[in-house]
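Colleague: If you're matching them up, the sequences are chains A, B and C in order.
Going by this note's numbering, the first sequence opens with residue 3, and the numbers climb by one from there.
Going by this note's numbering, the second sequence opens with residue 47, and the numbers climb by one from there.
Going by this note's numbering, the third sequence opens with residue 17, and the numbers climb by one from there.
It is worth saying that the hints were derived from the structure and are not from the lab.
Treat the hints with care, since some could be wrong.
To be verified - So the derived list for chain B, only partly shown, Cβ under 8 Å to chain A, looks like this:
1. Leu82
2. Pro83
3. Glu243
4. Asp389
5. Ile730
6. His741
Said to hold, decoys possible - Here are the in silico distance ranges between beta carbons for each label pair:
7. Ala74/C <-> Gly17/A: 53 to 59 Å
8. Ala38/C <-> Met765/B: 30 to 36 Å
9. Ala127/A <-> Cys101/B: 54 to 60 Å
10. Arg249/C <-> Glu188/B: 51 to 57 Å
Computed from a predicted structure; not experimentally measured.
Positions of the beta carbon are idealized from the N, C-alpha and C atoms, including for glycine.
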Amino acid sequence: MHHITLKVNGVTRSGEVNARTTLVDFLRDTLRLTGTHVGCEHGICGACSVLLDGEPVRSCLIFAVQVEGQSVTTVEGLAKPDGSMSVLQDSFCETHGLQCGYCTSGMLIAAHALLASNATPSEHAIRDAIGGNLCRCTGYQQIVEAIQLAAKRRAGGER
Amino acid sequence: MSAPPKQFRYIGKHRRTKEDPRFVTGTGSFVADVQLPGMKHVALVASPHPSARICAIRIDAAMALPGVIAVVTGAEYCAATESHLVGVDAPAVRRYALANDVVRYAGEWVAAVVAESRALAEDAAELVEVNYEPLPFVMDPEKAVTPNAPLVHPTHGSNVIFQRTFSWGPVEQRFREADHQLKFRARWARSATVPIETFGVVANWHRATGILDVWASIQMPKFPDQIARSLRLPGNAVRVHFDVDVGGSYGVKRGIKHTVLTGYLAMKLGVPVRLIEDRLENMRGGDMHGPDRIFDMQVAFDRDGTIRGLKIRALDDVGAYAGRSPLQLGKPVGAICGPYQIDAIEYEPISVLTNKTAQEAVRGFGQAPTNYALELTIDRVAAFLKQDRIAIRRRNLIRAEQFPYLIPSGTTYDSGDYHTVLTKALDAAGYEALIAKRDALRRAGNLAGIGIATCLEPSGGNSSFEPLFNPKNDTTTWMDSCLVRVDLSGAITGVMNTSTAGQGHETLVSTVLGEVLERDPNTIRVVHADSLNALPSNSPVGSRMAIMLGGAAAGAARKIKDALIVIAAHNLGVAASEIVYADGNCSVGRDATKRLTWDQLVEIAHRKFHKLPAGLEPGLQAKFVWEVPTGGALPTAEGRIQMYPCFSFEAHVVLVEIDALTAQPRILKYTCGHDCGVMISPDIVHGMTYGGIAHGIGAALYEKFAFTDDGQLSSGTFMDYLMPSAHEVPSLAIADHCTPSPLTTFGQKGSGEAGYLGAPAALASAINDALSPLATSIESLPMTRLALFEKIEAARHHKGIA
Amino acid sequence: MKAAAFDYSRAASVEEACALLARHGPDARLIAGGQSLVPMMAMRLVRPAVLVDIQRIASLNEWRVEKDFLCISACVRQNVIEREAALSEAVPLLGKAIRWIGHVQTRNRGTVGGSLAHADPSAELPLVVATLGAQCIVRSFRGERTIGSESFFTGPMSTALQADECLVEIRLPIWGAGRIGTSFEEVAIRHGDFALVAVAAQVALNAHGVCERAALGVGGAAPAPVAFPDLSRHLVGTQLDDAAMQAIADTLAKRVAPMSDLHASAAYRRHLAHTLTLRTLRAARDEALTRS
C-alpha cells in the first residue's frame with residue numbers, strides 16, 4: 003500500500019492505495035466522489051475525464067499513486083464558490099445537453115478546459131475538444147449548443 | 047387529423063428538465079454509486095470456446111487467494127435457480143447466468159468469483175481452472191439451418207427457434223399482375239446501443255424480513271417478477287429500487303441473468319454483493335448484442351412506380367440463447383409495409399440459434415432493420431424504373447386523408463401526414479441546393495450522394511408480438527400507471543413505477559400534472575417507486591412513456607381535479623357542473639366571492655372530514671392505471687394483430703461525400719423531418735431524435751460485433767467496436783411537424799426510438815446514390831471503409847479504370 | 017479490468033530508473049504517460065511485477081533546439097508540441113502530425129518517448145521519427161548508446177530497446193531554413209483513432225523549384241513505420257512533377273508489407289499507401305513552393 007496526498011477540488015486529501023488502483027477508482031471508492039464515471043477502463047470513452055493540474059486527462063489511465071502531490075478537479079469541483087452551478091453547468095441544463103447523465107461529467111470537464119483556453123471556440127474547436135468523449139444519448143448536438151451558449155454567456159460577462 | 051394542436055400551458059414549451067441539475071453537478075445516483083457496508087464484488091470466469099463440454103472445474107487455487115469469499119459454478123447455480131423465460135415456445139432452450147455442462151459461446155460465464163474487491167475477484171477468476179472439451183460450433187446462421195449443422199441446444203432439436211410464414215392479402219396475385227419484380231438481399235449487422243455505463247447490479251438479502259433488495263441499471267418489463275421467479279421467491283420478496291439512475295439503455299439494459307446471479311450470491315453468502323460488468327464482460331458476455339439479420343426481399347411493382355406486393359424473408363441470428371430477442375422479428379409486423387400503401391405482403395421471420403453472444407432488445411425492437419430493408423426496396427424500384435426516389439415515395443406514401451389506415455397485417459395506423467413532413471424535410475434541407483452541391487462535388491471528381499428515407503416509428507408499445515409468436519402466451523395487457531399525491535402543504539408529488547435511462551420521465555410527469563392541474567411543473571416532485579410500492583408498469587420500452595406514463599399521469603391528475611371540484615361544489619352549495627377550476631382554485635362561475643383556493647380545498651381533503659362530501663376518500667391522492675389504447679386483442683388465425691397504437695413518422699434527407707480514393711465518407715448535411723404528434727417536452731424529443739440519428743450513423747457506418755471464423759468476438763473493446771464521436775456526427779437539423787394522435791390524452795405519440803428508425807436507411811440511400819455513377823451499390827451494414835473501398839475498387843476494375 | 021498487482025517505484029533520476037531496470041530485469045516496465053501501457057495492463061495483456069515511473073524525472077521533461085537537431089526528452093508530453101511553437105518551427109512535420117494524434121486528454125498525458133517505445137506501427141510520432149531519420153538516445157546502467165530510427169523499430173510493438181534500457185531523448189534533424197515543405201496525411205476510421213495508413217513527407221526545394229532533399233515514410237503499412245530514403249533520393253533533382261511522384265508511389269506501394277485486420281485489408285492499406293504518398297508529396301511540394 004502507498005500513502006498518497008493530493009489536492010482534490012482545492013482540498014488536500016490523502017489515502018492508502020494499492021499501486022494498481024487507478025485514479026478514478028481512488029476518487030470514487032476511497033474519496034466517494036462518484037460524479038466521475040467509469041465507462042470503458044481502457045481510455046476510449048472519456049467518461050472518467052478529470053482535470054489534472056488543470057488539464058483534462060483520462061483518470062482510468064492513471065494510477066492514483068502516480069499523482070502524489072498533484073491537483074485534481076472533478077465535476078464536483080466545477081461549481082461556483084457558493085456551490086451554485088457554473089455558467090457551463092447551467093448552460094448544459096438550458097440546452098438539455100445531456101440525457102442519462104453518464105458521460106456528462108466527462109463532457110463538462112472537456113468543455114471547461116476548452117473554455118479556459120479558448121473563450122470563443124468555433125464549432126469545430128468544440129467538437130475537437132469533446133471528440134475524445136463518447137455520448138450515446140444526445141448525438142452531441144445539444145452538448146455543442148450548451149458549450150456555445152456558455153461561451154456566449156461568459157463573453158457577456160457572466161462568471 | 048391535421049388540425050392545429052390546441053393551446054397548452056406547459057406542454058410543448060421549452061422548460062428545463064427536472065433531471066439535468068443532478069447530473070451536471072455529479073450528484074446522480076447510478077448503480078455503481080451504491081455503497082453498502084460489507085459489500086463484496088463479483089468477477090466472472092468466461093469460456094474461451096464457442097462450444098465446449100465443461101469436463102472439470104477446479105477452484106482450490108482461486109479459493110486459496112486471500113480475500114476470496116466464494117467461487118460458484120454452474121452445477122450448483124443451475125440446480126438452485128430456474129431457467130429464464132424464453133419469448134417463444136422453446137422450453138428446451140434453457141438459459142442461466144452460468145453455463146452448466148456445456149458452453150455455447152465464447153465469453154459465456156462459467157463461474158462467478160466473489161471477493162473483497164473487484165481486483166481480487168479478477169485475480170481469483172484467473173486461477174479458476176476449467177477443462178474444456180471443444181465441440182463443433184456454428185457461427186453462420188444460414189449454415190445453422192442446414193440439416194447437418196451442429197445444434198446449439200440439441201434437446202431443442204433444431205437451430206430454428208421460431209419460424210412462420212404470414213401471408214396477408216392477395217400476394218401471389220399481385221406478383222402475377224405487376225409489371226415488374228425485383229429481388230435482392232440485404233444484411234443488417236449485429237450492433238447494439240452500447241451505453242457508456244455497462245450493466246450493473248447490487249443485491250442485498252435481509253434474512254429477517256425475507257426481502258432481497260436490488261439496485262440495478264435496469265430497463266426491463268416485468269423485471270422484478272422474473273428475478274423472483276428464477277430465484278424461486280414470491281414476487282413480494284424482491285424489492286427493486288427504481289430510483290437508480292440508469293446510464294443509458296435504449297433497450298439493452300435487461301440484466302436478468304446478472305441480477306439472478308447476484309441475488310443468488312447475496313442470499314447464499316448473506317452479504318451485499320455487487321456485479322458491475324467491466325467493458326470486456328459487457329461486450330462479450332453481457333448478452334446485449336442487437337438484431338443480426340439477412341433480408342431476402344421481393345417486390346412487385348408497376349411501371350408507374352406503384353408497389354403492388356412484397357415478400358420479406360428475415361433470418362435473424364439471435365446467438366446462443368433467447369429471451370425476448372426472437373420477438374424483435376414480431377414487432378415489425380405492425381409496420382410491415384412502412385408508411386406505404388401496400389396491401390399484399392408475405393413475411394417469413396426465422397429466428398436462428400448460433401454460437402454467438404445472445405441477442406437483446408435494441409432501440410426500435412427490430413423495426414430499424416426492417417425499415418432499412420423497406421427503404422432499400424423503394425430505392426431499388428426507383429433505380430430500376432429510372433424514376434426519382436422521392437416521386438416513387440410520393441406515389442406510395444399513405445395520404446393524410448386515408449387515416450386511420452388499416453395495413454394488411456391487421457394494424458391500424460392512427461394518424462399522419464407523411465407527404466407534408468417529407469416536404470418540410472426537403473425544404474429544411476434546401477433540396478435543390480443540396481442537389482446542386484452533390485452535382486458540383488461529382489464534377490470535382492468525388493463521389494457524392496443524397497439519401498432519402500421515410501420511416502415509421504410504432505409507439506406506445508403493447509405486447510402483441512408475444513401472443514403472435516407464442517400461441518401459449520395470451521398476454522394482452524400492457525398497462526402503465528401513475529400515482530399522484532397532494533400533501534397537506536399543497537405540494538404535488540407524482541409517483542412513477544420504473545427507472546429512467548435519460549428519457550426525462552420526471553419532466554414528463556411533472557409537465558403533464560402541471561398541465562392538468564394548472565400548477566407550476568417546477569414545484570411538482572416526481573419520484574420512482576420501488577417494486578413493492580409500485581403500481582403496475584411495463585417499463586419504458588417500445589417508445590411508450592409519453593403515451594402511457596403521460597396518459598396515466600393525466601388520468602390520475604384528472605381524478606385529483608375532479609375530487610377538488612366535488613369538494614368545492616359541496617362546500618359552496620352548488621352542483622359540480624357549476625364549478626370553474628382555474629390554477630387549482632375553484633369558484634362558482636366567475637364569482638370571486640364564491641371561491642375556494644387550492645390550499646383551502648387541500649386542507650378540507652386532509653383535515654376536515656366534516657366538510658368532505660359523502661363517499662369521498664379523505665386525503666388527496668389518486669392512481670390511474672391505463673391499458674395501451676387499442677390493446678386487448680389476440681391475433682387472428684392469419685396472424686393479423688394491432689401492434690402498437692400510435693405511429694410517428696420521420697423523413698430523413700442527408701448529403702454524403704465519399705473520397706473516391708480513400709473511401710472515406712463524410713456527412714455534409716443532415717436534416718430530419720419529424721412528426722410524433724404533440725411533443726410534451728420538445729427539448730427531450732429533439733435530444734432523443736438527435737441521439738437516435740447518431741446511433742443510426744454508428745449502425746450504418748461504424749459499429750459491428752464481428753466474430754472470427756473460430757468463434758471469437760473480434761470487436762470486444764472500444765478499440766474495435768467503433769462508436770461515432772462528435773467528429774463523425776455532423777450538426778443535425780430537425781424540422782418538426784405535428785399530427786396529433788386521436789388515441790392519446792394530448793395527441794402525443796412516442797419518440798424514444800426517433801432518428802434511429804430512419805438514419806441507417808437514409809445513409810444507405812446516400813451512399814448508394816454516391817456509388818450510382820460507378821454502377822454499384824451496397825446492401826450490407828455497416829458500410830465500412832473497407833466495404834466501400836472494395837465496392838469502388840471492383841467497379842473501377844470492371845470499368846477498366848486503373 | 018483491473019491491472020494485476022505490481023510494485024511501484026518512482027525514479028528520481030535516469031540513473032535510478034536504470035538501476036531498477038537492471039535489478040528487476042524483464043519483470044520491470046517503465047511508465048511515462050501510460051496511455052498505451054495502462055489499457056494493456058487493465059486487460060492483463062501486460063503484467064509487470066514492477067512499474068518504474070519515470071515521468072517526474074526533470075531531465076526527461078526538457079526539450080531544446082540545437083543547430084542541427086531538435087532534442088526532445090522522452091517524457092515530454094505530446095501536448096507540448098501543440099503549445100510550444102518552437103518545436104514545430106524547428107521540425108514542422110511534428111506540428112502536422114500532432115493534429116492526428118489521439119484526443120486532447122491523451123495528448124495531455126501521453127509522452128513523446130512513450131509513443132516511440134510502445135511502437136505501434138500505425139502511430140504518428142514513430143512515423144515522424146522514422147521519416148526524418150531521428151536518433152534515439154537510450155541509457156542503461158551499462159552506459160548510453162544511440163540507435164538510429166531505421167533500427168529502433170523492429171516490429172509491431174517492439175523496438176531495439178533492451179529490457180534494461182530507458183529511452184531518454186529523441187534527436188530530430190532540423191533541415192534549416194529554406195524552401196521546406198512538409199505534409200502528414202492519414203486515414204483512420206474515426207478522427208483520433210490509430211491510422212489505417214499514414215504517410216509523412218518533407219521536401220526541400222531550391223530557388224528553381226527543384227527538389228534538393230526529400231524524406232518519405234509510411235505508417236500502418238508494415239510491421240513498423242518505414243522510411244524510404246532510396247525512393248526519396250529519386251525525387252532529388254526533379255521538379256516533383258506528377259510523373260516523378262507517381263513512379264515513387266507505385267514503387268512504394270509494391271514495397272510495403274501491410275497486414276489485414278478487422279478494419280482494413282492488406283490491399284486497402286496498400287492502396288491507401290499509394291494514394292496518401294501522392295497526396296503528401298504534392299502537399300509538401302505545394303507548401304515548399306509558397307516559401308521563398
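Colleague: Give a verdict on every hint.
Modeller: Evaluated hints:
Using the Cβ-Cβ criterion of 8 Å, the hint placing Leu82/B at the interface with chain A is not satisfied: the shortest such distance is roughly 13 Å. Taken as an interface hint, Pro83/B does not check out: its beta carbon lies about 13 Å from the nearest beta carbon of chain A, beyond 8 Å. A cut of 8 Å between beta carbons decides the hint on Glu243/B: the least distance to chain A is about 5 Å, and the hint holds. At its closest, the beta carbon of Asp389/B sits 36 Å from a beta carbon of chain A; the interface hint therefore is violated under the 8 Å criterion.
Contact between Ile730/B and chain A, as hinted, is supported at the beta carbon level, the nearest pair being about 7 Å apart and thus within 8 Å. Using the Cβ-Cβ criterion of 8 Å, the hint placing His741/B at the interface with chain A is satisfied: the shortest such distance is roughly 7 Å. For Ala74/C paired with Gly17/A, a C-beta distance near 27 Å fails the hint of 53 to 59 Å. A hinted range of 30 to 36 Å for the beta carbons of Ala38/C and Met765/B is consistent with their spacing of about 34 Å.
Checking the proposed 54 to 60 Å range against Ala127/A and Cys101/B shows it holds: the Cβ atoms sit about 58 Å from each other. The hinted window of 51 to 57 Å between Arg249/C and Glu188/B holds, with their beta carbons roughly 54 Å apart.
The structure shown violates the earlier hints numbered 1, 2, 4 and 7.
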